[in-house]
Amino acid sequence: MSKRQSEDNNKPTYSLKRFREIPIFVVEDHNEVLPFIYKCIGSKHLPLMGNTLLHFDSHPDMLIPQGMNADTVFDKYELFSALSIENWILPAAFAGHFSKILWIKPSWAHQLSEGNHRFKIGKEIKSNEIKVTCLENYFLGDTLFCKEENLSDIKEIELEVFTLPTDEVIAETNEINTELNAGVNQIKTLFSRFLDEGTQFILDIDLDFFSTRNPFKELYKNADLYDELKPIYQLSIPDKTNLQAVEEALEIRKAKLEQLSSAWLYVEEHGNLEGFSGELVPIFQIEMLVDRIKNYYNSVDWGMIHDAGCTWDDTGLPEHVSSKEEITKMIEGHFSSFLQLLPGSPTIVTISRSSEDDYCPPEDVDWIQEKVLEVLKHKFETTNVILDYECDS
Numbered sequence: 001m002s003k004r005q006s007e008d009n010n011k012p013t014y015s016l017k018r019f020r021e022i023p024i025f026v027v028e029d030h031n032e033v034l035p036f037i038y039k040c041i042g043s044k045h046l047p048l049m050g051n052t053l054l055h056f057d058s059h060p061d062m063l064i065p066q067g068m069n070a071d072t073v074f075d076k077y078e079l080f081s082a083l084s085i086e087n088w089i090l091p092a093a094f095a096g097h098f099s100k101i102l103w104i105k106p107s108w109a110h111q112l113s114e115g116n117h118r119f120k121i122g123k124e125i126k127s128n129e130i131k132v133t134c135l136e137n138y139f140l141g142d143t144l145f146c147k148e149e150n151l152s153d154i155k156e157i158e159l160e161v162f163t164l165p166t167d168e169v170i171a172e173t174n175e176i177n178t179e180l181n182a183g184v185n186q187i188k189t190l191f192s193r194f195l196d197e198g199t200q201f202i203l204d205i206d207l208d209f210f211s212t213r214n215p216f217k218e219l220y221k222n223a224d225l226y227d228e229l230k231p232i233y234q235l236s237i238p239d240k241t242n243l244q245a246v247e248e249a250l251e252i253r254k255a256k257l258e259q260l261s262s263a264w265l266y267v268e269e270h271g272n273l274e275g276f277s278g279e280l281v282p283i284f285q286i287e288m289l290v291d292r293i294k295n296y297y298n299s300v301d302w303g304m305i306h307d308a309g310c311t312w313d314d315t316g317l318p319e320h321v322s323s324k325e326e327i328t329k330m331i332e333g334h335f336s337s338f339l340q341l342l343p344g345s346p347t348i349v350t351i352s353r354s355s356e357d358d359y360c361p362p363e364d365v366d367w368i369q370e371k372v373l374e375v376l377k378h379k380f381e382t383t384n385v386i387l388d389y390e391c392d393s
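The sequence shown begins at 1 in the UniProt record's numbering and counts up by one.
Please note: incorrect hints may appear among the correct ones.
Unchecked claim - Here are the simulated distance ranges between beta carbons:
| no. | residue 1 | residue 2 | range |
| --- | --- | --- | --- |
| 1 | E390 | S299 | 23 to 29 Å |
| 2 | L16 | E149 | 32 to 38 Å |
| 3 | E248 | F19 | 46 to 52 Å |
| 4 | G344 | K147 | 34 to 40 Å |
| 5 | H110 | S323 | 19 to 25 Å |
| 6 | R193 | S107 | 19 to 25 Å |
| 7 | D358 | G42 | 29 to 35 Å |
| 8 | D358 | S261 | 19 to 25 Å |
| 9 | P231 | Y296 | 26 to 32 Å |
Claimed, not checked - In silico lysine-lysine, DSSO-like type, Cα no more than 30 Å apart, as pairs:
| no. | residue 1 | residue 2 |
| --- | --- | --- |
| 10 | K126 | K76 |
| 11 | K240 | K147 |
| 12 | K379 | K324 |
| 13 | K256 | K294 |
| 14 | K44 | K17 |
| 15 | K126 | K254 |
| 16 | K256 | K230 |
| 17 | K217 | K294 |
| 18 | K44 | K155 |
| 19 | K379 | K44 |
| 20 | K76 | K155 |
| 21 | K256 | K17 |
| 22 | K221 | K324 |
| 23 | K377 | K39 |
| 24 | K254 | K217 |
| 25 | K240 | K155 |
| 26 | K230 | K240 |
| 27 | K256 | K240 |
| 28 | K294 | K324 |
| 29 | K76 | K147 |
| 30 | K329 | K294 |
Rather than coming from a laboratory, the hints here were simulated on the basis of the structure.
In this text the structure is predicted, and so the values were computed from the model without any measurement.
Think of the CB as a built atom: it goes at the ideal place given N, C-alpha and C, for glycine as much as any other residue.
Construct all of the structure, not just a fragment, from the sequences and the given hints.
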């Protein structure tokens, strides 16, 4: 089947409805945007299959819940309860709802390589879990890779990773000098491939795009926990051209992560690793770290330490707490200019605050949200803002 035939198969056979005013849905946790996207699919404002997602975020959000049966995606309520902030996009892609994903990231985010990634997503025959054929370390670190011949119910995904240019770009389209502005040319080329005129797309924004914290860096900070976890959890993969060796390495990594999880639970129960058995666990390193943490802290959530360690593949989580001057420049300059270059308007806009878990600094989130909404309402001539989160009284 040709690429054009595949795209034609994703086009709905019914007429899509149009909103009188583009809705802007604002939630707290990023996975909470998915029910709104599904409602817009159900109301026939978005096509059932093959949507394009423009994802502004400091994080890819493209992991997959560990141990989740692939068929969970066909029960939306079960699916929604299984998802969290880091893994809401690809399960919906496996269900067929997304086929093109454009991750637009700030310069301090490096979890996926810049450029175009075409890969398959499907159900692993052996485990019935969702896996991908992409060899990016982001996926390998979570043991999500699988060879295509071991997958069923396969869909094709096109992912573009693009860093928003930080050079000065314009506020109004008619002021653009494309000969002088390489960033504008990059964006226009990107849109020509991803957003044909009339393409239905979702504009998705995480407010941590503009200012990002790594909350795990604050976890038992006096013991230098986050940096000490790197050599324990960091990904080690052989030559990626040997897929058999990659799969074998991932089997070992999966077993190691399971043993590490058990090790921290053992520490929680016994206070140390004496008597613990786990051949893949660096027991001496962990015991040294346990002693270091105990020297500084009386009360410790040992299970949370494993969660922090699992954020290490080869980069760790991004962090860049922006000044108000930087944030203003990003929103009123770079972000606004990007929107001016869009060949059309999104069907819906979704926004995640990401402040309760500290990924977007809570002290700045309301102010960032206000400025982002101001730009969106002006650009798309809409007042249809739906706030779906609880505010502190």
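Each hint tested on the structure:
1. E390 x S299: 23 to 29 Å: 27 Å Cβ-Cβ, so the 23 to 29 Å window holds.
2. L16 x E149: 32 to 38 Å: holds (36 Å)
3. E248 x F19: 46 to 52 Å: holds (50 Å)
4. G344 x K147: 34 to 40 Å: Because 38 Å falls inside the window, the suggested range holds.
5. H110 x S323: 19 to 25 Å: For H110 and S323 the Cβ distance comes to about 21 Å; the hint holds.
6. R193 x S107: 19 to 25 Å: holds (22 Å)
7. D358 x G42: 29 to 35 Å: holds (33 Å)
8. D358 x S261: 19 to 25 Å: Holds, since D358 and S261 (Cβ atoms, about 23 Å apart) stay within the stated range.
9. P231 x Y296: 26 to 32 Å: Given a distance of about 20 Å, which is not inside 26 to 32 Å, the answer is violated.
10. K126 x K76: holds (24 Å)
11. K240 x K147: The given pair, whose Cα atoms are some 12 Å apart, holds under the 30 Å limit.
12. K379 x K324: Since the Cα atoms of K379 and K324 sit roughly 22 Å apart, the hinted pair holds (cutoff 30 Å).
13. K256 x K294: Measuring from Cα to Cα gives roughly 24 Å; hence the hint holds.
14. K44 x K17: holds (6 Å)
15. K126 x K254: Between K126 and K254 the Cα gap is close to 15 Å, so the pair holds against 30 Å.
16. K256 x K230: Holds. K256 to K230 sits at ~14 Å (cutoff 30 Å).
17. K217 x K294: holds (17 Å)
18. K44 x K155: Holds, at about 22 Å.
19. K379 x K44: Holds - the C-alpha atoms of K44 and K379 are around 24 Å apart, at most 30 Å.
20. K76 x K155: At roughly 19 Å apart (the allowed maximum being 30 Å), K155 and K76 satisfy the hint.
21. K256 x K17: violated (50 Å)
22. K221 x K324: holds (26 Å)
23. K377 x K39: Distance of about 22 Å is within 30 Å: holds.
24. K254 x K217: holds (24 Å)
25. K240 x K155: holds (22 Å)
26. K230 x K240: Roughly 22 Å between the alpha carbons, so the hint for K230 and K240 holds.
27. K256 x K240: Between K256 and K240 the Cα gap is close to 20 Å, so the pair holds against 30 Å.
28. K294 x K324: The hint is violated at about 37 Å.
29. K76 x K147: holds (27 Å)
30. K329 x K294: violated (43 Å)
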